[in-house]
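Q: Sequence:
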Amino acid sequence: MVLAAALLCSRGLDSGANYDEGVYLASADALGRGERLGEDVFASQPPGFYALVRLAVALPGESIESTRTLFVAVAVLGVVAAWSLGRTLAGRLGGLVAAGVLLTAPAYAAESARVAADGASVALALGGLALLAAGLRRESLPLALAAGAVLAAAVSIKLLVLTALVPAVGLLLTLGVSRRLVGAFLVGGAAVTAALLAVYARVLGALYDDVVAFHADARSAGEGLGANLERVARSFDPRLVFTFLVAAGAVGWLVRAGRPRSLAALWAWALASAAFLAWQRPLLDHHFVLFAAAFSVPAGAALGRAAEGRRLAVAALALVVLAGSAQQWRRSDRLAAPEPDLAAAAAELGALVPEDGVFVTDVPLVAYLAGRALPGELVDTSAVRFASGSLDADCVLELVDRERIRVVVVGRYFRVEPGLLARLEARFPLRRELGKLTLLTRSPAAARAAPPAAPGSCA
Numbered sequence: 001m002v003l004a005a006a007l008l009c010s011r012g013l014d015s016g017a018n019y020d021e022g023v024y025l026a027s028a029d030a031l032g033r034g035e036r037l038g039e040d041v042f043a044s045q046p047p048g049f050y051a052l053v054r055l056a057v058a059l060p061g062e063s064i065e066s067t068r069t070l071f072v073a074v075a076v077l078g079v080v081a082a083w084s085l086g087r088t089l090a091g092r093l094g095g096l097v098a099a100g101v102l103l104t105a106p107a108y109a110a111e112s113a114r115v116a117a118d119g120a121s122v123a124l125a126l127g128g129l130a131l132l133a134a135g136l137r138r139e140s141l142p143l144a145l146a147a148g149a150v151l152a153a154a155v156s157i158k159l160l161v162l163t164a165l166v167p168a169v170g171l172l173l174t175l176g177v178s179r180r181l182v183g184a185f186l187v188g189g190a191a192v193t194a195a196l197l198a199v200y201a202r203v204l205g206a207l208y209d210d211v212v213a214f215h216a217d218a219r220s221a222g223e224g225l226g227a228n229l230e231r232v233a234r235s236f237d238p239r240l241v242f243t244f245l246v247a248a249g250a251v252g253w254l255v256r257a258g259r260p261r262s263l264a265a266l267w268a269w270a271l272a273s274a275a276f277l278a279w280q281r282p283l284l285d286h287h288f289v290l291f292a293a294a295f296s297v298p299a300g301a302a303l304g305r306a307a308e309g310r311r312l313a314v315a316a317l318a319l320v321v322l323a324g325s326a327q328q329w330r331r332s333d334r335l336a337a338p339e340p341d342l343a344a345a346a347a348e349l350g351a352l353v354p355e356d357g358v359f360v361t362d363v364p365l366v367a368y369l370a371g372r373a374l375p376g377e378l379v380d381t382s383a384v385r386f387a388s389g390s391l392d393a394d395c396v397l398e399l400v401d402r403e404r405i406r407v408v409v410v411g412r413y414f415r416v417e418p419g420l421l422a423r424l425e426a427r428f429p430l431r432r433e434l435g436k437l438t439l440l441t442r443s444p445a446a447a448r449a450a451p452p453a454a455p456g457s458c459a
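Residue 297 in the numbering used here sits at position 297 of the sequence shown; the count goes up by one each step and never skips.
Keep in mind that the hints were calculated from the coordinates and are not lab data.
Since the structure is predicted, the reported quantities are computational estimates derived from the model, not experimental observations.
Incorrect hints may have been included.
[Unchecked claim] Here are the simulated SDA-like cross-link-like pairs (lysine to any residue), alpha carbons at most 20 Å apart as the crow flies:
no.	residue 1	residue 2
1	K436	A450
2	K436	D341
3	K436	A447
4	K436	H286
5	K436	A422
6	K436	G16
7	K436	P354
8	K436	A346
9	K436	R412
10	K436	R415
11	K436	A344
12	K436	A347
13	K436	L319
14	K436	G389
15	K436	Q327
16	K436	V177
17	K436	E348
18	K436	L421
19	K436	N18
20	K436	E417
21	K436	S382
[Unchecked claim] Here are the computed distance ranges between Cβ atoms for each label pair:
no.	residue 1	residue 2	range
22	W279	A343	35 to 43 Å
23	G435	L322	19 to 27 Å
24	A351	E62	15 to 23 Å
25	V2	E355	38 to 46 Å
26	R219	V199	39 to 47 Å
27	E139	G224	21 to 29 Å
28	G222	G419	22 to 30 Å
29	S140	Y208	49 to 57 Å
30	L165	A351	50 to 58 Å
31	G435	G183	58 to 66 Å
32	A343	G34	23 to 31 Å
Backbone N, C-alpha and C define an ideal beta-carbon position, used for all residues, glycine too.
I would like the entire structure built from these sequences, with the hints used as guidance.
A: Right under this line is the structure:
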């Protein structure tokens with residue numbers, strides 16, 4: 001099982017990096033230079049995620065693939081956690097099928113080899129729930145303590161796993177509440193939370209603005225409830241083996257006499273996750289990692305429990321799960337290849353920007369490939385930041401002037417934001433096209449002669 005998970009989760013290691021990965025790698029670089037998260041570096045995710053990215057960057061190797069390795073390992077641990085959780089609640093076969101169904105879920109397989117918060121937070125949430133279930137069954141205080149700590153760590157990576165509190169409470173209710181176990185669980189969570197609050201005490205206000213207020217403002221950039229409900233419904237694609245496994249698991253659990261009450265807690269998580277995705281704006285593909293985990297484990301556990309002692313049913317389940325995993329293996333072939341324009345721009349930057357210099361771009365992956373830095377406030381120049389008001393053209397230009405920037409690489413939203421490209425071209429008269437990217441430069445003398453920026457929207 002672990003080998004199968006490792007093979008499938010690592011399938012996309014050499015695929016082209018997406019925009020968000022470039023943002024997070026540029027953020028890690030800025031933090032490594034001593035800039036402070038929230039204060040100097042824009043933080044779209046909670047601080048635990050950036051600690052994880054910095055750890056991944058510190059691993060041996062100087063490539064995106066080597067950085068992704070840690071996230072693959074965390075995703076594999078998530079599969080192991082699904083097995084453990086299913087085993088505790090529905091027996092040995094229930095655990096195996098729960099892990100197997102998770103490997104048939106498109107979002108989990110596709111996001112496993114990404115430098116991203118969703119997969120890591122969901123994997124840790126599965127780990128926390130597995131520890132909690134085991135701790136309650138064994139009446140183990142250390143396991144309950146660890147469960148609270150791991151769930152708090154998961155939330156510190158991505159807030160969407162706050163939905164995991166639904167099954168956590170459900171497990172506490174269905175497996176029997178002991179004050180000592182509940183206390184240990186709460187202490188574990190409080191300890192991790194307190195440690196993070198202490199470390200980031202000076203920048204809590206800034207982090208709240210970036211992590212919470214920014215996402216609240218960004219809701220205006222997303223589609224409405226109806227469109228989200230349609231996307232959630234489309235996740236049950238009839239062409240996917242995953243869809244049939246989840247449907248069979250749900251029906252089997254509902255009609256089976258003596259069904260495990262503890263699985264009700266996990267089905268509640270599935271419903272809570274679907275409701276969260278319907279509410280989430282903007283709703284993006286990577287958010288569906290939560291959906292994958294929340295539906296896979298109860299469905300797989302229910303199927304495994306129903307098939308116990310029935311050899312033909314077990315064999316059929318094994319074949320269907322293998323078919324679903326193979327389907328995801330083939331789908332991973334469609335992951336994007338690296339773009340040659342980025343490598344060309346990175347080579348140009350290596351010659352134009354000193355090793356200790358900074359430049360500005362709306363394609364942050366170029367900074368990672370070139371080994372050059374971005375101003376911390378501009379590591380993320382996405383459409384969502386502009387639409388939410390977290391960033392505007394005046395702020396970009398203010399930072400360009402303040403940092404005496406010589407080079408700007410344009411490839412995404414700088415072309416779209418009204419008036420921004422024209423104002424950049426007025427400052428950077430030298431223009432060169434590199435495929436889909438535009439390289440804007442000015443001479444060192446022109447950069448030094450630029451008037452100092454007055455404090456404005458980025459002050």
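Q: Using the C-beta atoms of G222 and G419, is the stated range 22 to 30 Å upheld?
A: holds, 25 Å
Q: How does the Cβ-Cβ distance of A351 and E62 compare with 15 to 23 Å: does it lie in that range?
A: holds, 19 Å
Q: So if I understand the rule, the pair passes when the alpha-carbon distance is 20 Å or less; does K436 with V177 pass?
A: violated, 59 Å
Q: That 39 to 47 Å hint for R219 and V199 (C-beta), does it hold up?
A: Cβ of R219 to Cβ of V199: about 29 Å, so the range 39 to 47 Å is violated.
Q: With a cut-off of 20 Å on the C-alpha distance, tell me whether K436 and E417 pass.
A: holds, 17 Å
Q: Could you grab the alpha-carbon distance between K436 and L421 and see if it respects the 20 Å cut-off?
A: holds, 15 Å
Q: For the pair we were handed, K436 and A422, check the Cα-Cα distance against 20 Å.
A: holds, 18 Å
Q: Is K436 within 20 Å of A450, Cα to Cα?
A: violated, 28 Å
Q: The hint says 38 to 46 Å between V2 and E355; measuring C-beta to C-beta, is that right?
A: holds, 41 Å
Q: Has the given pair, K436 with Q327, been kept, meaning a C-alpha gap of at most 20 Å?
A: Violated, at about 33 Å.
Q: Note whether the CB distance of G435 and L322 lies within 19 to 27 Å or breaks it.
A: At roughly 41 Å between Cβ atoms, L322 and G435 fall outside 19 to 27 Å, so the hint is violated.
Q: Please verify whether K436 and N18 have alpha carbons no more than 20 Å apart.
A: Measuring from Cα to Cα gives roughly 15 Å; hence the hint holds.
The structure does not agree with the numbered hints 1, 3, 4, 7, 13, 14, 15, 16, 23, 26, 27 and 29 stated previously, though it agrees with the rest.
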